[in-house]
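So you can see what is in the structure, the chains are spelled out below.
2 protein chains.
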Amino acid sequence: MEFPDLDYLFQPESIAVAGVKNADSSFNPGLMFLEALQDFGYPGRMYPLNPRGGEVKGLKVYKTLRDIPDHVDYVISAVPAKNAPRLVEDAAARGVKIIHFFTSGFSETGNTEGTKLQEEIVRKARELGVRIIGPNCLGVYCPKGGMTFNANASKESGSVGMISQSGGNASHAIAEGNSRGVRFSKVISMGNGVDLNESDFMEYFAHDNDTEIITAYIEGIKDGPRFLRAVRAAAEIKPVIIFKVGVSEVGADIAVSHTTALAGSTQVWEGLLKQAGAVQVHSIEEMIDMTLAFLHMSPPTGENAAIAGIGGGASVILADEFSREGLSLPRFSVKTLEQLIGLYSSEAGRIFKNPIDINNFESPDTFLKTIKMIEEEKNVDFLVLHVAFDHFGLMNEEIKELMIGVYQSLIIDIKNKVNKPLAVLLHSFASDKTKEMAREIGETLTKEGFPVFLSIRSAALALKRYIQYQKRLQPGGVA
Amino acid sequence: MEFPDLDYLFQPESIAVAGVKNADSSFNPGLMFLEALQDFGYPGRMYPLNPRGGEVKGLKVYKTLRDIPDHVDYVISAVPAKNAPRLVEDAAARGVKIIHFFTSGFSETGNTEGTKLQEEIVRKARELGVRIIGPNCLGVYCPKGGMTFNANASKESGSVGMISQSGGNASHAIAEGNSRGVRFSKVISMGNGVDLNESDFMEYFAHDNDTEIITAYIEGIKDGPRFLRAVRAAAEIKPVIIFKVGVSEVGADIAVSHTTALAGSTQVWEGLLKQAGAVQVHSIEEMIDMTLAFLHMSPPTGENAAIAGIGGGASVILADEFSREGLSLPRFSVKTLEQLIGLYSSEAGRIFKNPIDINNFESPDTFLKTIKMIEEEKNVDFLVLHVAFDHFGLMNEEIKELMIGVYQSLIIDIKNKVNKPLAVLLHSFASDKTKEMAREIGETLTKEGFPVFLSIRSAALALKRYIQYQKRLQPGGVA
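As they're listed, the protein sequences go chains A and B.
Heads up: the first sequence begins at 103 in our numbering, then just goes up one per residue.
Heads up: the second sequence begins at 103 in our numbering, then just goes up one per residue.
This is chain A alone, in the form it adopts within the complex (with noise of 0.2 Å):
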């Protein structure tokens, strides 16, 4: 196999962008991409276009991708469809290798004008060497190179690929992992993908070092062998994260009109993507959930958890979900139930059964024994550690932040403690105020390098999900 070397889309020391409407326009996606580029500190030049020319933020603007005395690495196309051709023609003549389309009103929109176009495009850039991204799409996000379309995005670089065929959900999904302590290496909006498509995406990412984990939101697929004997290879190398949509009889019909893909029915593809090694979702949010499994949880060899916590309630809907997901909760050994009861001063409140209720605590030192103590029954795999944030409906602000600072503490200091896998969840939030707090919490504790859950039913689903991964690499092992 191939494998294509792309870096230079996530690098160019130069970039024009055509399509630059007056500042005083009300839909101006090309100043767009200006002002998110400059704000997110692109390192290299840049180079607006109108026909009419002038200046914007602080550039001059040139009216053709000839007029600009420079090398452009890379062009951004904010123009109308019927002028895409003629900026192929300029880019080949400039010896630009590569221009990605935002703009739409191609193939995705079912007539006839807009496929010749789009036929017409792609003609146009085999003949004269000039490879496209998208059209219809935001393009891509590096961090490292200074490349973005998503003004929010965090600016710091990470281990975490990703193809989209969405750019609403490459924005999402930066979204959701940037606040949840996720940080991207390369992240590519393709939309209807005529040249470079997702097949070309798995096989760089799969070769590419600054990715450790591959996640993609697909719709469609051009040519499924490839894409599949690219998923297979990638997955031998590193975790592939996917969730294809489209899979629904009408979800597939609407993919054709929103980048033209030619998706398949649900059971087929689930097949097919489980044989090729991929981790299948079915969100952006299960994504995130899965990449932090990965992320930062060592693997975890069988069902049995341990999970140890506060929140009575909690604890009931906690084993409910997890053994709906298949994920088992052992009792504790007799001696084990004596140690933890002989532990605690007083009964009240708490549940010494598995998931443990704590409700409130005694000492660190407490709080690691009891996490030892289960950490050492034979039967338990990994180990759960959950705050249920309802819990402190009643507390004032004030002792409510100290109990909760005392928690975060807690489960930092034990890290190095405790040699068994182990989550954290934040949960079942009693304001709108902890529910912030919580998503803090998690950044922190992502930071320390917890993988970090936010609701009961999406942590037994991710590792659930992660513990069936593990299993298929061992020898002779099965999903």
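If you're looking for bench data, these hints aren't it; they were derived computationally from the structure.
Where hints are given, some of them may not hold.
For chains that are exact copies, the list does not tell them apart, and a pair is met inside one copy or across any two.
[Unchecked claim] Below, simulated DSS-like cross-link-like pairs (lysine-lysine); rule was C-alpha separation at most 30 Å, straight line:
id: 1; residue 1: K340; residue 2: K246
id: 2; residue 1: K257; residue 2: K184
id: 3; residue 1: K573; residue 2: K522
id: 4; residue 1: K162; residue 2: K437
id: 5; residue 1: K218; residue 2: K573
id: 6; residue 1: K535; residue 2: K246
id: 7; residue 1: K535; residue 2: K549
id: 8; residue 1: K159; residue 2: K535
id: 9; residue 1: K566; residue 2: K340
id: 10; residue 1: K566; residue 2: K537
id: 11; residue 1: K480; residue 2: K522
id: 12; residue 1: K218; residue 2: K474
id: 13; residue 1: K471; residue 2: K324
id: 14; residue 1: K218; residue 2: K437
id: 15; residue 1: K257; residue 2: K535
id: 16; residue 1: K376; residue 2: K340
id: 17; residue 1: K549; residue 2: K537
id: 18; residue 1: K123; residue 2: K535
id: 19; residue 1: K566; residue 2: K165
id: 20; residue 1: K471; residue 2: K184
id: 21; residue 1: K184; residue 2: K522
id: 22; residue 1: K184; residue 2: K437
id: 23; residue 1: K537; residue 2: K257
id: 24; residue 1: K573; residue 2: K184
Since we're looking at a predicted model, the values are computed, not measured.
Add chain B to chain A, keeping to what the hints say.
Just chain B now, with coordinates in the frame of chain A:
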């Protein structure tokens, strides 16, 4: 059937709080209840109790109930379990009708001492004519009576009642509901329910004029046949939404430790509750989703949805998730399709199938015409307007707020111009900031009478359940 008159629980004129420790105690639930009531503006008279006397929060501390020179309607107990029997005697001597025991350490511990103490307080209370809420619970939240256990809860009254066997989940439901525009009439956290239990409260809410929708978080049921009779009777009068947990084997075991309740298998309970006419949910969030549908959506007569909004990738996911829940997205007639295309100046980036991706708005008039066109399709039973906030990823803050503001106005504007049932879905956030924006817009739209959902999956699930419920109400209807 009797209808228990429990109004006196929710609007007591005087409250004594037993077990208020010195202000410098680290865990002081008695003081927390006192503070929460003060902050909430409880309008009646309050009497803290502690054997040492003194003063706290500007109030004289009495040594025993017998020393208070006033009639006491309601006692909140934070005393240790071993002192509970004495408190029941004192209460009876002073003619107190009800004690809410926050105190835990009874049968939920599983030990003989706790179980004996519980039997003792129940026996004494029955002999002496005192009723008990709890033990091991947070008690009453009722804005009308100025009662609360959650300092952050809304002071505004609403029409939703809740029975909860977990204080944490009651707090969580209030917070989640308040954050999404739901207001409560009365919430009761009833813990072990040794005296007043889930059946009493279900019977009460069925006939409570302040309550139009009954919700319940149930771990287990003391008297199965009585509870099912109560649910059936209530469901004939108003919607009953039940989140039944402890349905897995482990969950049931934990539920016994949590509140001594006897649980039962998933299949058995789901079947019985369905027969009784209750809507079942599997999380607090789903409970609030269902509540919003009942509060603000006129009943659809079938599963056929027409969806319109912004977000192309989101449209594909919408189609998938709605199909997964058994909802239909019928194709529009050729005539409607042609009219739709004719309405817009450009097709670029739009999708004119169902879901319609409007992408960007032309004008309020175009938007209204679009909605009216799809509403008039014969095979459309209800409408969903959605905004994928990831669509705004590229935009700067100013344009983003402008666009989102436009959309909010457009939705409010069509409220009285659309006759078919209508739901709003705000989802897929491109940043924490857009998530907060969506929450605020959701609150505004809910105040305007729209049911607003915050994820594609939760909208599909709630709408499906709502339609199933309505079908069952029709002559000869079966869910």
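Hints, one by one, checked against the model:
For the homomeric pair K340 and K246, the shortest alpha-carbon distance inside one copy (21 Å) is at most 30 Å, but the shortest distance between copies (58 Å) is not. Proximity of K257 and K184 under a CA criterion of 30 Å is satisfied in neither setting, with 35 Å inside one chain copy and 59 Å between copies. In this homomeric assembly, K573 and K522 come within 30 Å of each other (Cα to Cα) only inside a single copy, at 16 Å, whereas the closest approach across copies is 50 Å. Within a single copy, K162 and K437 get their C-alpha atoms no closer than 77 Å, and across copies no closer than 48 Å, so neither meets the 30 Å cut-off.
Proximity of K218 and K573 under a CA criterion of 30 Å is satisfied in neither setting, with 49 Å inside one chain copy and 48 Å between copies. Within a single copy, K535 and K246 get their C-alpha atoms only as close as 34 Å, which misses the 30 Å cut-off; across copies the closest is 24 Å, which meets it. In this homomeric assembly, K535 and K549 come within 30 Å of each other (Cα to Cα) both inside a single copy, at 21 Å, and across copies, at 21 Å. In this assembly of identical chains, the alpha carbons of K159 and K535 lie at most 30 Å apart only when taken from different copies (25 Å versus 39 Å within one copy).
Taking the shortest alpha-carbon separations for K566 and K340, only the intra-copy value of 19 Å comes in at or below 30 Å, while the best inter-copy value is 39 Å. Proximity of K566 to K537 under the C-alpha cut-off of 30 Å is found in both arrangements, the shortest distances being 25 Å within a copy and 28 Å between copies. Taking the closest pair of Cα atoms, K480 and K522 come within 30 Å of each other only inside a single copy of the chain (11 Å); across copies the shortest separation is 59 Å, beyond that limit. With identical chains, the CA atoms of K218 and K474 are never at most 30 Å apart, being 67 Å at best within one copy and 33 Å at best between copies.
Taking CA atoms no more than 30 Å apart as the test, K471 paired with K324 passes in neither setting, with 55 Å inside one copy and 36 Å between copies. In this assembly of identical chains, K218 and K437 lie within 30 Å of each other by CA distance solely across copies; the values are 25 Å between and 75 Å within a copy. Taking CA atoms no more than 30 Å apart as the test, K257 paired with K535 passes in both settings, with 27 Å inside one copy and 17 Å between copies. Taking CA atoms no more than 30 Å apart as the test, K376 paired with K340 passes inside one copy only; the shortest distance there is 15 Å, against 46 Å between copies.
Taking identical chains as interchangeable, the C-alpha atoms of K549 and K537 lie at most 30 Å apart whether they share a chain (18 Å) or sit on different chains (22 Å). Taking identical chains as interchangeable, the C-alpha atoms of K123 and K535 lie at most 30 Å apart only when they sit on different chains, with a minimum of 27 Å there against 42 Å within one chain. In this assembly of identical chains, the alpha carbons of K566 and K165 never lie at most 30 Å apart, being 56 Å within a copy and 55 Å across copies at closest. Only between protomers do K471 and K184 lie at most 30 Å apart by alpha-carbon distance; the minimum there is 28 Å, versus 70 Å within a single protomer.
Taking the closest pair of Cα atoms, K184 and K522 never come within 30 Å of each other, the shortest separation being 60 Å inside a single copy and 40 Å across copies. In the homo-oligomer, the alpha carbons of K184 and K437 lie at most 30 Å apart only across protomers (28 Å), although the nearest pairing inside one protomer, at 77 Å, exceeds that limit. Taking the shortest Cα distances, K537 and K257 sit within 30 Å of each other both inside one copy (25 Å) and across copies (20 Å). For a Cα distance limit of 30 Å, the shortest separation of K573 from K184 qualifies neither inside one copy, at 52 Å, nor across copies, at 51 Å.
The structure shown violates the earlier hints numbered 2, 4, 5, 12, 13, 19, 21 and 24.
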